[in-house]
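Numbering-wise (the working numbering), the sequence shown opens with residue 7 and increments by one.
The reader is advised that the hints may include incorrect statements.
Said to hold, decoys possible - Distance ranges between label pairs, derived from CB positions:
#1 467 / 408: 30 to 36 Å
#2 260 / 223: 44 to 50 Å
#3 51 / 149: 25 to 31 Å
#4 407 / 558: 28 to 34 Å
#5 208 / 407: 42 to 48 Å
#6 220 / 64: 39 to 45 Å
These are computed hints drawn from the structure, not numbers from a lab. Yeah, the Cβ is synthetic: ideal placement off N, Cα and C, and Gly gets one too.
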Amino acid sequence: MTRTALGAATRTACLWVPDWPVVAALVVAGLGPEVPAAVTGGPGGRIVAVSAPARSAGVRRGMRRREAQGRCPDLQLWAADDARDAREFEPVAVAAETVVSGLEIARPGLLLLPSGGAARYHGSEHDLARELTEQVAVRTGHECQVGVADGYLAAVLAARDDAVVPPGDSRDYLAPRPAAVLVHARPADRALTELVDLWRRLGVRTLADLAALPDAAVAARFGDLGVWAQRLARGQDVRPPARRRLVEDMTVTEELDPPAHRVDVATFAARRLAERLHDDLHRRGLACGRLRITARAVDPVTGEARTLERLWRTDDTLGGLSAARITDRVRWQLEGWLTASSLGQGERPAPIAGLSLAAEEVAPAGALQPRLWGPGAGEDLRARRAVERVQALLGGDAVLTVRLQGGRDPRDRVQLVPYGEQVPPERDPDRPWPGALPPPAPSVVLPEPVPAHVLDAAGQPVVVDVRLAVSGEPARVLVPGEAAGGGADADGDAAWAGLDAAVVDWAGPWPVAERWWTSRGKRRVFLQVVVDGPAGRDELTLGLLLSSAAGSWSLEALYD
């Protein structure tokens with residue numbers, strides 16, 4: 007991929023085979039493109055890819071399996087299979103290499119190619135796109151689309167439009183498009199989908215809106231994923247252009263004796279290589295932008311050696327590839343090489359006598375994407391894997407995460423859901439909630455309310471009547487020490503344990519009457535108070551959220 011100017015985006019050609027998971031499944035099943043088909047996967051086994059005949063019958067991505075079959079009774083269904091997609095995509099890559107050398111696989115169904123020299127050789131970028139399309143159709147029978155533009159996202163969208171974007175026009179080409187098109191750069195990325203939905207609710211609806219946001223604000227509020235998305239929205243490369251090579255490429259190699267005829271045997275060696283490469287990168291605090299897989303195949307009859315090579319893109323805002331994910335890519339590639347589907351007519355797969363993995367575009371971990379508090383080394387990714395390991399051991403419901411939902415008090419607004427599951431909120435947070443407490447939100451919400459006493463200057467209990475009149479200004483808050491059991495902090499003492507503090511300031515009260523027409527109705531008033539910090543603490547003051555029901559006060563939450 008040719009850089010148009012120093013610091014500018016890369017001129018990139020993108021080859022895209024529409025609905026590739028379905029196309030690959032049809033090839034394996036020996037069926038033609040006229041068959042209505044779909045691939046299921048993800049939570050709930052929903053439709054993730056649809057063929058054109060099924061789409062014309064009303065089947066859409068995201069549908070449940072039963073609904074899709076109801077709309078198209080003849081629908082053929084297959085489960086998602088990454089290995090199948092990668093294995094069957096190898097002939098497409100081989101066909102593209104007859105036109106352009108040095109391509110890289112972004113994912114099965116999507117190739118990135120250098121456009122500068124190839125476009126000059128074939129006459130123009132339009133001629134290059136036409137030649138790629140013809141070669142893939144002649145050699146594989148698959149229809150594809152090719153787009154050319156500056157930058158990764160613009161090239162991907164240009165391929166979907168089957169268009170060539172003039173040099174320097176990618177930002178204008180992207181600007182009016184909805185922010186939701188970012189998912190085409192990383193399909194099936196739940197975090198990106200949630201971030202795009204958040205932007206929609208915040209009013210950031212187009213790529214122009216996202217590109218106009220301040221860089222520092224995006225990094226501070228949305229982290230690495232937001233910075234990655236903003237770079238794409240501006241028509242820039244996923245990785246900033248390197249002015250110099252920071253670190254030499256790293257390579258690990260292993261000879262297979264005897265040569266491997268089967269994928270599982272070669273994958274066993276690939277796993278060892280992947281672990282060595284990953285350990286080397288991790289030990290040096292490095293990350294790579296591309297993974298080059300090289301195999302040496304030896305004909306058992308003639309002894310002639312043949313080198314097979316493929317480049318995979320490894321962009322990942324969460325810290326790069328793990329050893330397991332490197333192994334998966336090598337296994338998929340080996341399946342493509344060791345099956346006749348990737349060879350010419352009459353050829354037989356040759357056994358693999360040597361394997362080599364090379365980490366390219368190597369740079370210090372964290373240099374690929376800036377972070378708010380210094381360079382990152384994959385902490386988020388390691389934390390996610392640790393959580394998933396615990397979840398695998400204890401069950402899906404054993405690890406819960408907090409999500410915001412609708413409600414009037416802080417405790418009602420907390421929803422605990424199993425980690426990684428898309429559970430709809432019990433109460434929609436976007437709906438109006440009359441009577442909800444004003445901001446700011448508390449920093450700590452107690453699992454259960456703690457009994458408390460609110461006294462006025464005369465030492466009498468403060469009472470709020472039905473007209474919200476306060477019997478006296480709050481002057482002191484008491485929280486019995488034994489009531490703090492189960493709420494201790496890391497030092498063993500809760501901030502409110504045995505609290506007896508003078509009130510510095512207060513606000514309220516705010517009445518909340520919920521379901522007053524039922525027997526389960528609740529009537530409460532809330533009070534925000536600022537008190538002197540507990541003795542021995544660094545805090546000079548402490549914010550408390552108190553509630554009163556039936557004349558009794560309780561401590562609900564704390565503010566920073």
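Verification of the hints:
The given range of 30 to 36 Å is respected by residue 467 and residue 408, whose C-beta atoms sit roughly 34 Å from each other. With their beta carbons about 47 Å apart, residue 260 and residue 223 fall inside the hinted range of 44 to 50 Å. Under the hint 25 to 31 Å, the C-beta atoms of residue 51 and residue 149, about 28 Å apart, fit the expected range. In this structure the supplied range 28 to 34 Å holds for residue 407 paired with residue 558, their Cβ-Cβ distance being about 33 Å.
Under the hint 42 to 48 Å, the C-beta atoms of residue 208 and residue 407, about 21 Å apart, miss the expected range. The hint said 39 to 45 Å for the Cβ distance between residue 220 and residue 64, and at roughly 44 Å that hint holds.
In summary, the one numbered hint that this structure violates is 5.
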